[in-house]
Amino acid sequence: MSQSQKNAQRRAKDAPPTPSSESTVALLRELVAHLRQNRTQLREEWARRITESQLLTAMTREEIFAEATSVYDNYVEVLETGSVEALQAYARNLSERIIPRGVETHEVLGIVLLLRDVLARSLFKKYQGDFALLNSVLDAYEPAANRIANTVAVGFVQERERIIRQQQEAIRELSTPVLQVRDRLLILPIIGVIDPQRARQLTEQLLRGIRANRAKVVVVDITGVPSVDATVANHLVQTVDASRLMGANVIVTGLSSEIAQTLVTIGVDLGKINAVGDLQGGIEEAERLLGYKVILTVAGEVEKEA
Amino acid sequence: MRVPILKQGGYLIASIQSALSDEDLLQLQDDLAAQVGKFRSRGAIVDVTVLDVMDSFAVRTLRAIAHMIRLRGAQTVIVGIQPEVAFAMVQLGLTLEDVATALDLEEGLAYLDRWIRPGAHVR
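If you read the protein sequences in the order shown, they are chains A and B.
When the letters of the first sequence are read in order and numbered with our numbering, they come out as residues 1433 to 1738.
When the letters of the second sequence are read in order and numbered with our numbering, they come out as residues 9 to 131.
Be aware that a few hints might be false.
[Said to hold, decoys possible] Ranges of calculated distance between the beta carbons of each label pair, as one might list FRET restraints:
(1) Leu14(B) - Pro1658(A): 49 to 59 Å
(2) Leu59(B) - Asp1615(A): 51 to 61 Å
(3) Gln35(B) - Asp1627(A): 39 to 49 Å
(4) Arg78(B) - Asp1661(A): 55 to 65 Å
(5) Glu1719(A) - Glu31(B): 14 to 24 Å
(6) Val1586(A) - Thr57(B): 42 to 52 Å
(7) Gly18(B) - Pro1628(A): 44 to 54 Å
(8) Thr57(B) - Asp1661(A): 53 to 63 Å
(9) Val1696(A) - Glu31(B): 40 to 50 Å
Hints listed in this document are in silico derivations from the structure and should not be mistaken for laboratory results.
Just so you know, even glycine gets a beta-carbon here, dropped at the ideal spot from N, CA and C.
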């Protein structure tokens, strides 16, 4: 046993070593050497355990082995350098690749903890003869291993959250189209549940659309809205009022009986709302207000072709 | 700053150029009421395009202007309320219920033309 190891042993008895202390560094170095030496065997053991626990079922055996190798090398590198930056980058990259394939958080956490377990067992085996030394090796290994598990898990979850945020943004943008169907006539088809935030955004987009398209009449179609609460209903009325202030008439179409009931219950001033049964009726009413007249010619194109 | 009032045919156009103090608004009210009589105007337009904020006093005064001008035998249109202003006003409950509004000056003039032509009923 080397001098530094003896020192480490002595110090380990006095006080728990801090990660930066010399003894820990020395122990970690030894640990790293051990892990490098047994790389092939430990890696295989780990990959076997992953398959056994039925983790990462979305990936093939070869893929698991390839990823296991990179994770293993990254793992050893973190133990050696103490810097998690490379691992962080790798974890992010890995998450990007495996999230679309349906890998779950528990699986990622599971494989990292498995690796931790595999390595710990190999350490037990190696140092089982010298209990004190095993103790100090674990003192050095455990905090580092925890840190690694933490980094990978956090990286994965952060990547997931980023994707969720991105999707929310996409849904929000897609969900509020303001479409011009005729000169000065806009339609705003709303589909799905309206929460207060979305209601606000709808109003904003509508008012901007009125200005951009110089609209005089807007048909807001809420056929696709299952229900509204009092806040959203009030918001709808406010939207109608605000549109009027900008010189546009709002026609609301497709009010379901449920929504109609809500509006009556909360006592919305119905004089303000111009409601028409369905979208077709709404567009016809809008055309009437704008002075359009749609004429059916004797034989339309479709009729001729048929 | 005093708001310039332009005469355009049978209409008066008050074109607000910058944010107004309460005194300016009252001045505008007096000026418009006086000039509607002086020029025998049939309609007045107040252009608020540049205003990015309207408090309750401003809205109340605009409403008072519209009512006064109606009593003087003319019609008022408020034009150019910005989207953000419109929504803020509605949230504060300032909806200018009985006052005509239009998108911009052009729309306002078209509205007055329709209103003044007999038989016109479209808002």
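Discussion item. For a quick check of understanding: which of the numbered hints are violated here, in increasing order?
Written reply: 2, 4, 5 and 8
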